[in-house]
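> Assemble the whole structure, with the sequences as input and the hints as a guide.
Protein chains in written order, with numbering that gives the first Met the number 0: chain A, 0 to 355; chain B, 0 to 355.
Be aware that a few hints might be false.
You can't tell identical chains apart in this list, so a pair holds if it fits in one copy or across any two.
What the hints assert, rightly or not - Mimicking DSS-like on lysine-lysine, the simulated pairs with C-alpha atoms at most 30 Å apart in a straight line are:
(1) Lys192 to Lys348
(2) Lys290 to Lys161
(3) Lys327 to Lys290
(4) Lys348 to Lys170
(5) Lys28 to Lys57
(6) Lys229 to Lys161
(7) Lys170 to Lys192
(8) Lys348 to Lys220
(9) Lys161 to Lys220
(10) Lys290 to Lys348
(11) Lys57 to Lys30
None of these hints come from the bench; they were simulated from the model.
2 protein chains.
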Amino acid sequence: MDRRAFLATAGVAGTLAAPAVAQSSGSFKWKMTTAFPAGAPFYSNGPGSLKDFAARVKAMSDGRLDIQVFNGGELVPAFEGIDAARQGIVEMNAWVSYFGAGRLPAAQFFGAVPFGMSTQGKNAWFYIGDGIDLWNEVYEPLGLVAMPIGATGVQMTGWFNKEINSIEDMKGLRLRVPGLAGQAYSRIGVDVKLLPGGEIFPALERGVIDAAEWVGPAMDKVMGLNNAAKYYYTTGWHEPTTVTELTINKAAWETLPADLQAIVSNCAAACNVISHSWGEANNAAALQEFKANGTEVRTLPTDVVEALRTEMTAVYEEMGAADPLFKKVMDNYFAFKASHDVWAEASEKVWHSELR
Amino acid sequence: MDRRAFLATAGVAGTLAAPAVAQSSGSFKWKMTTAFPAGAPFYSNGPGSLKDFAARVKAMSDGRLDIQVFNGGELVPAFEGIDAARQGIVEMNAWVSYFGAGRLPAAQFFGAVPFGMSTQGKNAWFYIGDGIDLWNEVYEPLGLVAMPIGATGVQMTGWFNKEINSIEDMKGLRLRVPGLAGQAYSRIGVDVKLLPGGEIFPALERGVIDAAEWVGPAMDKVMGLNNAAKYYYTTGWHEPTTVTELTINKAAWETLPADLQAIVSNCAAACNVISHSWGEANNAAALQEFKANGTEVRTLPTDVVEALRTEMTAVYEEMGAADPLFKKVMDNYFAFKASHDVWAEASEKVWHSELR
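In structure tokens form, the structure reads like this:
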């Protein structure tokens with residue numbers, strides 16, 4: 000099914016539909032669809048994951064809010080959970096908004112923003128700036144309430160089967176990468192490939208693609224990507240942090256008493272920092288293991304990064320010109336970033352450069 | 000009263016005393032002392048502050064856990080709230096562990112760690128590494144349960160009334176600074192002064208001291224420190240982040256049903272990330288205002304930072320040799336940092352250096 004058409008149709012019935020699950024005596028049995036495979040750490044299992052979120056909410060509510068979490072594809076196709084939440088088939092969905100890049104352009108600023116802020120700046124925009132309000136403004140017409148529920152931190156540029164010494168080495172390179180970043184890569188001559196996560200390893204190992212982006216060391220290790228390519232590139236330009244998005248059917252949300260709403264909101268914030276901590280702790284160990292086993296960690300050459308910045312800026316301008324809501328969120332995001340950068344220059348950047 | 004003697008005495012009765020407040024029908028009226036003055040943003044008021052924590056807990060528990068928050072000095076002297084929590088006079092206390100640097104050396108690693116990790120590394124140590132377990136091991140003999148409830152992010156080195164061009168300019172400098180960092184400053188010839196927050200501005204303005212450390216732009220602005228000195232130095236070496244410590248009387252904690260315990264723990268994690276976000280958002284605006292009004296932002300010279308590192312390393316070694324518990328926590332903390340640094344080098348550091 001064409002997803003854009005599906006959303007447009009669902010929009011009529013979805014926002015008004017009552018949740019399908021019976022509710023009584025102040026107790027709620029809810030369902031959450033997710034876009035992520037079973038057993039994926041960070042997203043599905045472990046501290047700060049979506050299943051951990053459900054367990055924490057259940058404990059905090061003494062069982063009054065019991066959320067059953069479905070892996071991608073278990074109840075509906077992985078990327079259609081947001082539609083299920085709109086329609087009230089489930090009450091909640093979790094994914095990353097880049098899975099909806101084509102149909103929800105303005106929502107991209109809540110997920111992964113090429114040349115955007117890293118986790119602490121983005122959290123500041125969410126919780127203190129206008130981030131969460133804008134998020135809800137974007138999703139309100141869809142009958143959804145939205146909030147952050149996880150953050151990866153800075154992602155790696157990805158795995159490459161050859162060294163990248165200049166922009167010439169990027170021409171014709173078959174690279175798996177999702178989201179807006181793919182548009183900038185494409186404009187500098189990269190042959191952008193869109194593969195589901197499960198197909199990355201065999202494609203890279205067999206030479207069907209030359210390079211692939213996934214997340215970071217701990218998640219990439221689970222996929223075995225270090226066994227498929229030798230060079231592991233960094234800069235984080237494409238995903239300085241990637242935020243897991245929790246959306247809730249608004250009609251269902253409004254049936255929750257205020258205490259359960261507060262439990263959901265605060266628990267999502269707790270899982271945001273705890274999931275980020277999981278990445279920070281486990282990326283360290285995985286990266287050292289890669290290095291010990293021969294992986295070469297490299298930084299993208301400056302000319303490549305600057306060419307990508309130029310093209311990305313053009314993509315943003317074009318998308319903003321075509322879509323006033325995209326432009327509204329983008330302008331707010333980058334104004335906050337410009338201000339936050341002044342502080343980051345005097346704090347974290349100095350701390351990193353002087354103290355290590 | 001000598002605080003060390005007070006703690007030693009309180010240890011006998013304090014851990015066993017029942018909370019002073021009546022509890023019935025699963026509803027709890029608790030008291031929290033804090034070390035912070037009324038109206039201080041970040042600590043006392045605003046998003047992620049201690050009063051905001053109490054409001055969130057009340058909302059999440061539908062009023063079943065109602066925590067009254069006292070500013071420093073309102074109920075007991077600012078730095079004796081932890082003793083009140085031990086004795087069960089109150090159920091909770093919040094401060095920064097450097098207020099107890101003399102009597103609780105091992106607890107310093109949970110607060111501000113000179114040449115330590117910044118917020119995301121420290122959160123990873125807390126939530127995924129051994130940090131919170133060690134924290135509770137340190138406080139268990141005192142009858143206290145402990146957890147993080149706030150983080151400042153990288154702090155500024157402070158306000159100076161002259162330029163610092165080399166280590167010679169530090170000799171004899173009268174500098175207000177608390178905690179372990181003061182010991183390293185003292186060893187390079189700084190005349191370290193310990194002044195309460197409220198005395199910093201007049202002392203700096205009148206030339207009683209030459210320089211003063213407080214927190215960061217947003218908090219320093221409230222004190223008007225930009226009107227008392229021209230040069231604002233950075234590196235964050237002394238406090239790469241400073242964590243607000245929540246301690247809870249263990250006997251009181253054990254009377255809470257599991258749902259209220261889960262609400263407290265998760266809400267503390269939420270306030271940890273939201274308070275950090277407050278600093279990140281508001282430091283940016285304050286720093287720009289300072290710059291527009293003539294403040295000169297500078298970085299401490301490398302020879303000063305390296306001399307401080309040498310002396311701080313010696314301080315750590317001496318304290319570790321004198322105190323096995325200090326050494327146990329320190330070794331765990333710095334082992335985690337050494338691992339996390341490998342990841343930070345490939346992620347945030349590159350992101351900061353390449354992309355700004």
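> Are the hints correct? Go through all of them and say.
Here is what the structure says about each hint:
Proximity of Lys192 to Lys348 under the C-alpha cut-off of 30 Å is restricted to the inter-copy arrangement: shortest distance 29 Å between copies versus 34 Å within a copy. When the C-alpha separation of Lys290 and Lys161 is checked against a cutoff of 30 Å, the pair qualifies only within one copy, where the shortest distance is 16 Å, while the shortest distance between copies is 46 Å. Taking the shortest alpha-carbon separations for Lys327 and Lys290, only the inter-copy value of 28 Å comes in at or below 30 Å, while the best intra-copy value is 43 Å. In this assembly of identical chains, Lys348 and Lys170 lie within 30 Å of each other by CA distance solely across copies; the values are 27 Å between and 32 Å within a copy.
Proximity of Lys28 and Lys57 under a CA criterion of 30 Å is satisfied in both settings, with 10 Å inside one chain copy and 23 Å between copies. Proximity of Lys229 to Lys161 under the C-alpha cut-off of 30 Å is restricted to the intra-copy arrangement: shortest distance 8 Å within a copy versus 51 Å between copies. When the C-alpha separation of Lys170 and Lys192 is checked against a cutoff of 30 Å, the pair qualifies only within one copy, where the shortest distance is 14 Å, while the shortest distance between copies is 61 Å. Within a single copy, Lys348 and Lys220 get their C-alpha atoms as close as 28 Å, and across copies as close as 22 Å, so both meet the 30 Å cut-off.
Only within a single protomer do Lys161 and Lys220 lie at most 30 Å apart by alpha-carbon distance; the minimum there is 19 Å, versus 51 Å between protomers. With identical chains, the CA atoms of Lys290 and Lys348 are at most 30 Å apart both within one copy (25 Å) and between copies (18 Å). Taking identical chains as interchangeable, the C-alpha atoms of Lys57 and Lys30 lie at most 30 Å apart whether they share a chain (13 Å) or sit on different chains (26 Å).
Violated hints: none; the structure is consistent with every hint.
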